[in-house]
Amino acid sequence: MAKKTYDLLFKLLLIGDSGVGKTCILFRFSDDAFTTTFISTIGIDFKIKTIELRGKKIKLQIWDTAGQERFHTITTSYYRGAMGIMLVYDITNEKSFENIVKWLRNIDEHANEDVEKMILGNKCDMDDKRTVSMERGELIAKEHSIRFMETSAKSNINIERAFRELADAILYKTAGREPGDNVDRVMVDRKPTSSSTKSCCNH
Amino acid sequence: MPDCNVNFEAEIEEGQNKRSVKCKFCSSVILTPATAAIMNVEHSLPLIRQTKTTEENPDTETTSVFWAVKDMFTFQNVGFSNTVGNTKYLTCADCEAGPIGFHDIPTKMSFVALSRVSHGDPI
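Protein sequences, first through last, are from chains U and F.
Quick note on our numbering: the first sequence kicks off at 650 and runs consecutively.
Quick note on our numbering: the second sequence kicks off at 430 and runs consecutively.
These are calculated hints, taken from the structure and not from any lab test.
Treat the hints loosely; a few may be bogus.
Unchecked claim - With the C-beta cut set under 10 Å, the calculated list includes, among others, these residues of chain F facing chain U:
{"hint": "1", "residue": "F437"}
{"hint": "2", "residue": "H472"}
{"hint": "3", "residue": "Q479"}
To be verified - In silico PhoX-like pairs for lysine-lysine, Cα to Cα no more than 20 Å straight-line:
{"hint": "4", "chain 1": "F", "residue 1": "K499", "chain 2": "U", "residue 2": "K653"}
{"hint": "5", "chain 1": "F", "residue 1": "K537", "chain 2": "U", "residue 2": "K653"}
{"hint": "6", "chain 1": "U", "residue 1": "K744", "chain 2": "U", "residue 2": "K778"}
{"hint": "7", "chain 1": "U", "residue 1": "K660", "chain 2": "U", "residue 2": "K706"}
{"hint": "8", "chain 1": "U", "residue 1": "K778", "chain 2": "U", "residue 2": "K803"}
{"hint": "9", "chain 1": "U", "residue 1": "K660", "chain 2": "U", "residue 2": "K705"}
{"hint": "10", "chain 1": "U", "residue 1": "K822", "chain 2": "U", "residue 2": "K791"}
{"hint": "11", "chain 1": "U", "residue 1": "K660", "chain 2": "U", "residue 2": "K822"}
{"hint": "12", "chain 1": "F", "residue 1": "K447", "chain 2": "U", "residue 2": "K653"}
{"hint": "13", "chain 1": "U", "residue 1": "K653", "chain 2": "U", "residue 2": "K706"}
{"hint": "14", "chain 1": "U", "residue 1": "K706", "chain 2": "U", "residue 2": "K791"}
{"hint": "15", "chain 1": "F", "residue 1": "K537", "chain 2": "U", "residue 2": "K660"}
Said to hold, decoys possible - For each label pair, taking beta carbons as the anchor points, the in silico distance ranges come out as:
{"hint": "16", "chain 1": "U", "residue 1": "L658", "chain 2": "F", "residue 2": "E443", "range": "25 to 35 Å"}
{"hint": "17", "chain 1": "U", "residue 1": "E792", "chain 2": "F", "residue 2": "D550", "range": "46 to 56 Å"}
{"hint": "18", "chain 1": "F", "residue 1": "E443", "chain 2": "U", "residue 2": "E792", "range": "52 to 62 Å"}
{"hint": "19", "chain 1": "U", "residue 1": "V750", "chain 2": "F", "residue 2": "E490", "range": "46 to 56 Å"}
{"hint": "20", "chain 1": "F", "residue 1": "K447", "chain 2": "U", "residue 2": "V750", "range": "52 to 62 Å"}
Every residue, glycine too, gets a C-beta built ideally from N, C-alpha and C.
Excised from the complex, chain U in its bound form (with noise of 0.2 Å):
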């Protein structure tokens, strides 16, 4: 019972305002969700899952904000230790577009300055009520150099491979800052080819 059943320990957190669709993100990571009265009640705290990557076995711990968004301020220690932040809007939604670029502020004051972002512009089912062109989510991720995806947590559109992608880029970073390895290296375009974020939502 002592003994590691993992290699690797990351702990992801979601970010966005209210309403964007977060905790379905977090409650739908895969699979059909069997809601119960009494679960639900309550709500979920944080979730943990295994994934493997590169051979190796990894944990990630999900955490939702657990509407400490609604005040617009995230604590500091709510993103004490977190490695990666999944920062979402919905895409029917103008203004959660539009705070993204404060959002990333807010991440910028009291997050780990190395933190894995991704933006995931959420509710691409939604396409006849959209408001943000996909465009336009590429390029504010391409200007602060993080990684965009479009998914929808309502259809399991590309929730699963967004966790992966991120988890995916902190291994990255991990493996780069082994013993001797002292490059300062910046992560720039290393975002998800076109191809394969375009397959979510193209009507």
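Please arrange chain F on chain U, whose structure you already have, making use of the hints.
Coordinates of chain F only, in the frame set by chain U:
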């Protein structure tokens, strides 16, 4: 209702779980073989299925056979509920069926009720 007296003995090998512990509903793997210790403790757990009228006062049952886990990162996949008293309830990470057990905050021990999960070989 007490635990069903199904034969849990067959699932125990050297005090640990012989096979994978999985979700009864979606087969998500909760614990891999030989990662949890069998433990007999009486604990009341809210029922997975509740009637609407009991949300504030959930129906519970006494459960007494658990898989005990010392380190929460031993779990393959699991969800932790928000805190209720000294406890966080455990759920399936994929379909969120639960509570399948509880996490005791003071001792940091987690307990998965054998009656709330299935046992089998990984997919």
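Could you work out which earlier hints the structure fails to respect and list their numbers in ascending sequence? 1, 2, 14
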